[in-house]
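2 protein chains.
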Amino acid sequence: MTSSASTRQPEIRKDAVFNRFVIFSPARSRRPSDFKSHSPTKSPNPNPKHLSCPFCLGREHDCAPEIFRIPRDTDDWKIRVIENLYPAVRRDLEPSSCCEGVVTGFGFHDVVIETPVHGIHLPDLSQAEVGEVVLAYKERVCQLAKNGLLEYVQVFKNYGASAGASMTHSHSQIIGLPLVPPTVSARLDSLKEVFDKSGKCGLCEASSEDILINESNYFLAIVPFAASFPFEVWIVPREHTSYFHDLNEQKAMDFGGLLKLILTKLSKQLNDPPYNFMIHSSPFHLPPSHLPFAHWFMQIVPQLNVVGGFEIGSGCYINPVFPEDAAKVLREVHCTIN
Amino acid sequence: MTSSASTRQPEIRKDAVFNRFVIFSPARSRRPSDFKSHSPTKSPNPNPKHLSCPFCLGREHDCAPEIFRIPRDTDDWKIRVIENLYPAVRRDLEPSSCCEGVVTGFGFHDVVIETPVHGIHLPDLSQAEVGEVVLAYKERVCQLAKNGLLEYVQVFKNYGASAGASMTHSHSQIIGLPLVPPTVSARLDSLKEVFDKSGKCGLCEASSEDILINESNYFLAIVPFAASFPFEVWIVPREHTSYFHDLNEQKAMDFGGLLKLILTKLSKQLNDPPYNFMIHSSPFHLPPSHLPFAHWFMQIVPQLNVVGGFEIGSGCYINPVFPEDAAKVLREVHCTIN
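Chains as they are written, first to last, in this note's numbering: chain A, 14 to 351; chain B, 14 to 351.
No lab work stands behind these hints, which were simulated from the structure alone.
Among these hints, one or two may not hold up.
Since copy identity is lost for identical chains, a pair holds within one copy or between any two.
[Stated by the list, open to error] Below 30 Å or equal to it, Euclidean Cα-Cα: the simulated DSS-like pairs (lysine-lysine) are:
1) Lys281 with Lys49
2) Lys205 with Lys91
3) Lys205 with Lys27
4) Lys27 with Lys159
5) Lys341 with Lys27
It should be emphasised that the depicted structure is a prediction, and the values quoted were computed from it without experimental measurement.
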């Protein structure tokens with residue numbers, strides 16, 4: 014692919030979902046296939062059971078309170094959802110209305126321990142086990158949706174210290190907020206603009222052959238047309254759905270397989286980079302008029318370059334790898350998953 | 014100050030300039046005064062003249078073309094403004110109008126070499142010399158403003174590899190874009206909302222005793238009320254002005270002194286952290302109706318923590334240090350500057 018990259022000229026593309034411009038600048042790039050992480054995340058000598066880790070099987074008493082475990086009522090759990098011991102927001106505070114730009118830090122901050130075994134990472138789990146982690150997210154989001162005080166829930170995972178993970182034991186996090194973040198509203202406004210112009214949902218239309226990596230029965234994995242980050246991947250439901258937590262067991266298992274495949278490909282092709290993933294779902298109390306253009310998806314961002322002053326200042330990103338090239342590199346890597 | 018931090022409860026504050034929520038969460042914090050960088054930027058054995066550095070005096074032929082130097086017509090320059098050898102956007106491309114969300118990567122990407130001497134950093138320069146760097150920014154932005162094809166110019170500095178700097182020789186960058194980034198429009202929209210509600214410019218009103226660090230004749234240095242990042246600092250003109258490049262020589266010298274002071278304080282108090290600074294000016298072709306609420310400022314962000322999946326996903330930031338506490342720490346550190 015690299016001959017095309019070397020002759021490409023820089024382009025500025027509009028990301029119609031996040032409403033930002035991205036500069037694709039091959040002059041600042043090595044070949045996409047050489048764009049590997051210089052800080053691989055896995056320990057070279059993984060310790061199967063780290064004695065000081067409170068997320069390990071048998072160390073449950075060192076953790077903040079448990080919310081639920083899977084399977085229920087067994088010491089031999091596979092997944093635990095617990096409270097975060099150092100929560101960003103606190104469930105024990107009184108929620109308040111906004112006064113001079115301040116509200117109390119009410120909210121929920123939970124942790125999903127994805128495996129009892131230290132040193133096992135999410136894509137090391139079987140397809141069905143990753144599906145069960147997805148179902149644990151769904152179950153917890155459904156519980157939070159029933160709390161009338163919450164407006165938005167962010168499910169996310171930080172993998173690797175430079176992506177923000179403070180624990181190496183495989184886990185993800187869920188934060189429930191009493192407000193809709195303006196960035197989330199802006200995403201919906203952008204999708205509304207696309208819908209108003211074209212009569213179509215921007216995410217139903219987001220895929221093309223060039224940027225497709227893999228597809229499953231219910232999901233597509235693409236490098237978005239105006240990816241902000243090199244090798245950024247979106248996993249998008251084929252069917253137009255506003256809420257992540259509406260997915261059923263069958264779709265969760267299907268999603269788990271595709272997620273495992275993409276994480277395995279990123280790890281293999283990019284030297285086990287640190288990464289973040291985020292589930293972009295809809296705010297809980299979405300007006301029905303928003304349903305035609307609110308489409309949930311997962312964004313996966315490997316941490317391969319640094320966000321600097323230009324990005325912070327202008328909100329524009331510079332991406333040295335064209336999405337079509339990144340998709341080709343990820344499409345063609347050979348992986349068998351179980 | 015730390016006793017107050019330990020008893021504080023988390024708060025969610027609205028940043029009315031960048032239109033985002035910031036969660037202040039002391040539970041996730043050490044004491045603000047302990048919040049030092051673990052990756053100080055300066056080499057322990059600074060080399061006064063690095064032989065392979067093209068930004069050093071005498072290596073001008075290794076650089077991309079020069080735009081101007083200060084002083085003019087001398088080999089013994091103090092500041093050089095040059096083209097970026099690996100530009101994100103290219104001045105030699107034809108600008109194009111937006112077609113299917115894509116424009117050519119036309120634009121200008123320049124570098125300001127702040128000193129001829131390797132190993133001298135911006136706050137090591139005298140107050141007057143920092144002022145001259147500010148004047149070099151101004152002069153180059155004025156030149157770009159005359160190019161009818163540009164809409165917005167971002168002046169920024171990345172200090173330290175983890176803040177995005179690829180060269181250690183002290184420099185900053187200027188990118189001129191043929192479009193107004195949506196983030197910049199959103200900032201003006203937020204300030205318009207403040208103005209429409211209160212009849213006042215949000216930045217004229219941004220300061221209070223609690224969050225003030227230092228002031229000079231023409232500028233205030235504050236930790237903003239809803240700082241996204243620990244020890245983030247804004248330098249704000251006291252006088253309501255929309256455009257950075259309108260500042261005159263006297264104000265540039267005054268600004269240079271305050272900038273030097275703040276960078277020195279951050280370095281001293283936080284163990285020479287990597288940082289970014291960005292000048293948030295107005296788009297070139299601002300309608301006159303925007304002038305009452307468009308107020309330029311500089312944002313300085315020390316890189317002390319990691320932006321993770323929650324921030325990327327929700328656009329909300331988690332800041333473990335309350336602005337009042339950060340301002341106190343920075344106000345009280347003793348610095349004499351020349």
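Status of the hints after comparison with the structure:
{"no.": "1", "hint": "Lys281 with Lys49", "verdict": "within (9 Å within a copy, 35 Å between copies)"}
{"no.": "2", "hint": "Lys205 with Lys91", "verdict": "neither (40 Å within a copy, 51 Å between copies)"}
{"no.": "3", "hint": "Lys205 with Lys27", "verdict": "both (15 Å within a copy, 24 Å between copies)"}
{"no.": "4", "hint": "Lys27 with Lys159", "verdict": "between (36 Å within a copy, 26 Å between copies)"}
{"no.": "5", "hint": "Lys341 with Lys27", "verdict": "within (21 Å within a copy, 41 Å between copies)"}
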